[in-house]
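A.B. asks: Here are the chains, one letter per residue:
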Amino acid sequence: MLAHINGNFKGKDIVSLRQFDPHSLQKLFTLASEMSSLAKKAKGSNLLHGTITTLLFYEPSSRTFGSFSAAIKRLGGQTVDIINPQVFSSVSKGESFEDTIRVFESYSNALVIRHPEKGAALKAADIAAFVPVINAGDGIGEHPTQALLDLYTIYEKFHHLDNLIGVFAGDMLNGRTVKSLLRGLSHYKGITAYLLSPKALQLAKEDYNDFAASGITLIQIEKEEDIPKNAHFWYWTRVQKERFSSLADYEKVKNKFILSKRLLSAYGNKDLILMHPLPRVGEIETDVDEDKRALYLRSQVRNGMYVRMALLALVLGKIK
Amino acid sequence: MLAHINGNFKGKDIVSLRQFDPHSLQKLFTLASEMSSLAKKAKGSNLLHGTITTLLFYEPSSRTFGSFSAAIKRLGGQTVDIINPQVFSSVSKGESFEDTIRVFESYSNALVIRHPEKGAALKAADIAAFVPVINAGDGIGEHPTQALLDLYTIYEKFHHLDNLIGVFAGDMLNGRTVKSLLRGLSHYKGITAYLLSPKALQLAKEDYNDFAASGITLIQIEKEEDIPKNAHFWYWTRVQKERFSSLADYEKVKNKFILSKRLLSAYGNKDLILMHPLPRVGEIETDVDEDKRALYLRSQVRNGMYVRMALLALVLGKIK
Amino acid sequence: MLAHINGNFKGKDIVSLRQFDPHSLQKLFTLASEMSSLAKKAKGSNLLHGTITTLLFYEPSSRTFGSFSAAIKRLGGQTVDIINPQVFSSVSKGESFEDTIRVFESYSNALVIRHPEKGAALKAADIAAFVPVINAGDGIGEHPTQALLDLYTIYEKFHHLDNLIGVFAGDMLNGRTVKSLLRGLSHYKGITAYLLSPKALQLAKEDYNDFAASGITLIQIEKEEDIPKNAHFWYWTRVQKERFSSLADYEKVKNKFILSKRLLSAYGNKDLILMHPLPRVGEIETDVDEDKRALYLRSQVRNGMYVRMALLALVLGKIK
Chain A
766 MLAHINGNFK GKDIVSLRQF DPHSLQKLFT LASEMSSLAK KAKGSNLLHG
816 TITTLLFYEP SSRTFGSFSA AIKRLGGQTV DIINPQVFSS VSKGESFEDT
866 IRVFESYSNA LVIRHPEKGA ALKAADIAAF VPVINAGDGI GEHPTQALLD
916 LYTIYEKFHH LDNLIGVFAG DMLNGRTVKS LLRGLSHYKG ITAYLLSPKA
966 LQLAKEDYND FAASGITLIQ IEKEEDIPKN AHFWYWTRVQ KERFSSLADY
1016 EKVKNKFILS KRLLSAYGNK DLILMHPLPR VGEIETDVDE DKRALYLRSQ
1066 VRNGMYVRMA LLALVLGKIK
Chain B
766 MLAHINGNFK GKDIVSLRQF DPHSLQKLFT LASEMSSLAK KAKGSNLLHG
816 TITTLLFYEP SSRTFGSFSA AIKRLGGQTV DIINPQVFSS VSKGESFEDT
866 IRVFESYSNA LVIRHPEKGA ALKAADIAAF VPVINAGDGI GEHPTQALLD
916 LYTIYEKFHH LDNLIGVFAG DMLNGRTVKS LLRGLSHYKG ITAYLLSPKA
966 LQLAKEDYND FAASGITLIQ IEKEEDIPKN AHFWYWTRVQ KERFSSLADY
1016 EKVKNKFILS KRLLSAYGNK DLILMHPLPR VGEIETDVDE DKRALYLRSQ
1066 VRNGMYVRMA LLALVLGKIK
Chain C
766 MLAHINGNFK GKDIVSLRQF DPHSLQKLFT LASEMSSLAK KAKGSNLLHG
816 TITTLLFYEP SSRTFGSFSA AIKRLGGQTV DIINPQVFSS VSKGESFEDT
866 IRVFESYSNA LVIRHPEKGA ALKAADIAAF VPVINAGDGI GEHPTQALLD
916 LYTIYEKFHH LDNLIGVFAG DMLNGRTVKS LLRGLSHYKG ITAYLLSPKA
966 LQLAKEDYND FAASGITLIQ IEKEEDIPKN AHFWYWTRVQ KERFSSLADY
1016 EKVKNKFILS KRLLSAYGNK DLILMHPLPR VGEIETDVDE DKRALYLRSQ
1066 VRNGMYVRMA LLALVLGKIK
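Protein chains in written order, with the numbering used here: chain A, 766 to 1085; chain B, 766 to 1085; chain C, 766 to 1085.
A hint or two may mislead.
The list cannot tell twin chains apart, which means a pair is met if one copy fits it or any two copies do.
In silico DSS-like links for lysine-lysine, alpha-carbon gap of 27 Å or less [to be verified]: (1) Lys1026 / Lys858; (2) Lys1019 / Lys858; (3) Lys806 / Lys954; (4) Lys922 / Lys954; (5) Lys1006 / Lys792; (6) Lys808 / Lys792; (7) Lys858 / Lys1021; (8) Lys858 / Lys1085.
Honestly, the hints are just simulated from the structure, not real lab data. Keep in mind it's a predicted model, so treat the numbers as computed, not measured.
Construct the complete structure from the given sequences, taking the supplied hints into account.
C.D. replies: Here it is, written out as structure tokens:
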């Protein structure tokens, strides 16, 4: 059973965005903002001194690994890095997932787990009896720190998370990041989400109903002319070619989903921010990068580190 | 030539349990116990501050790697992690083992080496002229820190290592851990060891004679009814199917060697402790895990870290 | 565009030896010498406390990786270790080199990059707008910290870098290290370089002209009898069999290029130092290792760490 955070992070597993409420998010983001100031000074901190966090990555993910590693070390903590334990001897000798988790728990003050299978992080959290477990992505399941950094990036710009208009582009059906961000926003009032995608990649009915029931105004659109000019943020993702049954169908839509200078001139406004969960493979043209509204490559990535610094400090009980 | 420790660990290579005597073991275990208190407070220590230990793993072993890594970092030391150097460029270009050891010695205050070949750790110790080398397992050779943590686990419970009755189950012929633990116990008086295994997997004659000559009372048993009810510890290991010449022979004995609640009820006593070197692959049933006498998954694993913390602090001369 | 250092390292990318001048080298070497004293005391330092350096290795290189890792940690800095990001998820999903560099830049105070392609380090330096990039070898391009440690090793012995006589043996045509060291020495007056190699492996005409124009006196020799007896240093490298069109040609020359006790007795002098960039695969006989003039296995390797400690401290602005 996953505990609700209710403003008290200490010792809690962080597996799903469902555990958060606006109060807990506010607390996390206030601290993330302090972490940002700290990191920019490069002065170091000893907040996590004496703690060991094991980064247990059952699949490699250089970006998420690097972000957690830097976050922990910036606060004076240490990591034990275990990448692909399934090819390491004990697991390859037939050790169960349960035993592996218990072993690494025994060395650590916290476990960060990345796993290709949905549900693995929750399972690890159930097994680890003494230390908090943080989900760093479990396949098509959740990747809560990604959603937290997305929310924080919006919060950092607008200083609030209610009454926002967002445009989400790409694959609503299969993409994990869009749904996680929507789940995060569903805690707030007055959210309008324009979902720009080909019909074949619209939200699954079940997800649509869930988000609608949570109070988000959902507007499904299929062409750029329907992009509202008063959005607060654009959240761009990849439309994966392999999701289409025919190449012709893919060809028809793909150009509508590329964020270009032209699209930005036509539908953007000056306070808009541009986001992307990365990696990007062409769906945002590189000449957009230099636009000051483009936060995806630097601010958003840095924010991931600040949010993880804040999360670790709270979960390890070093900040109340 | 390997130096006897004689209570003075500073700068010494730690390759074999043969280097230890009861005085040195006592010193190590007293310190391991202090390390245990330290780690439980998660307050950190700067005992190894300014030292670099290279973890040179010629084969991956996530458990041993993680234990050394956490041990060193809990004391404020740092590691340089080199996994599979033979696929890294210099070695793959044809560099000799000697040159590789000398290079990593030059960066380090200590070397921890894991190698698939028996004798590799001793060879490394002979090559490294300036820093201590610790054997983290050399194939079918030794894995002294495993034996030390096993001894410490027994010591922690009973506060002495003489006059003990142990039951060892599994493969006496090929298993490295049973023989290492027996070698450690051979330094003490009044040890009785019941060796539960199929005939085909009994101790080699040479080993039997060695241990008998060292003063251990060895009792070879083949069925559970011969397990004594007054044992201090059970040390369970895996019976490997592939060691049997016929499947029928294996099938006949395998169930006798599974540690179950039933077996524990029938032959255990309340002060007994249950140990296993891990990984376990079925030879202890998982419903035994919750028994408070079961130390294999958590206490024994943690003890491995505490013993390694103590060993590094002594070998690096940070504690006299 | 690469900045000249001109005595001010702070924030500068370190990509090529062309950026250095004698004043900058002197500054670096003075500091490297202080780092050597520091490391020998194993007392630790907090000079780089609070800084994160990402070691981004697109190809493994245990020696260079270990040297940078140890250098940074000896000064209290921390590393984020990313080995083979191209097999890690983001890059394998098609992320561009530019985006990867920007991501890791965002986590870090400095980036150390190793890459199999010439020019990759310069490209990374151009992309990273906020943190310094250090080239740890870019294919057949440069490996400036190797040349710096070679120069420092000579400087440490003779306390000057002008008016030196050096013997370079091996492959002048393809070897990166010889050319880098010559480029470093070209900043000084009165350098005489004897280049001992088979005709087929002499310097390319263009390189020859370059170095000659820079003021180095180049003397190409093909047999040991032409080795001068008054050299300050011998810099030995491997003659690669595969560079020869016929095995017969290779067999003819290979024995002339082996550094043996006999060769050293015949042509060495008491103040000579023996160097090699490593890995060595036979071209220096192992019984030469114990000669006190042989610096290649320990001093030279350690000097690599000291030079990297000094470089990081300067580039990160922790020492002016």
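A.B. asks: Evaluate each hint against the coordinates.
C.D. replies: Verification of the hints:
1. Only between protomers do Lys1026 and Lys858 lie at most 27 Å apart by alpha-carbon distance; the minimum there is 24 Å, versus 54 Å within a single protomer.
2. For the homomeric pair Lys1019 and Lys858, the shortest alpha-carbon distance between copies (18 Å) is at most 27 Å, but the shortest distance inside one copy (46 Å) is not.
3. For a Cα distance limit of 27 Å, the shortest separation of Lys806 from Lys954 qualifies neither inside one copy, at 36 Å, nor across copies, at 43 Å.
4. For the identical chains of this complex, Lys922 and Lys954 are intra-copy neighbours only, at 18 Å inside a copy versus 58 Å across copies, given an alpha-carbon limit of 27 Å.
5. Proximity of Lys1006 to Lys792 under the C-alpha cut-off of 27 Å is found in neither arrangement, the shortest distances being 40 Å within a copy and 55 Å between copies.
6. In this assembly of identical chains, the alpha carbons of Lys808 and Lys792 lie at most 27 Å apart whether taken from the same copy (23 Å) or from different copies (25 Å).
7. In this assembly of identical chains, Lys858 and Lys1021 lie within 27 Å of each other by CA distance solely across copies; the values are 22 Å between and 50 Å within a copy.
8. Taking the shortest Cα distances, Lys858 and Lys1085 never come within 27 Å of each other, neither inside one copy (42 Å) nor across copies (39 Å).
Going down the numbered hints, you'll see the structure goes against 3, 5 and 8, while the others check out.
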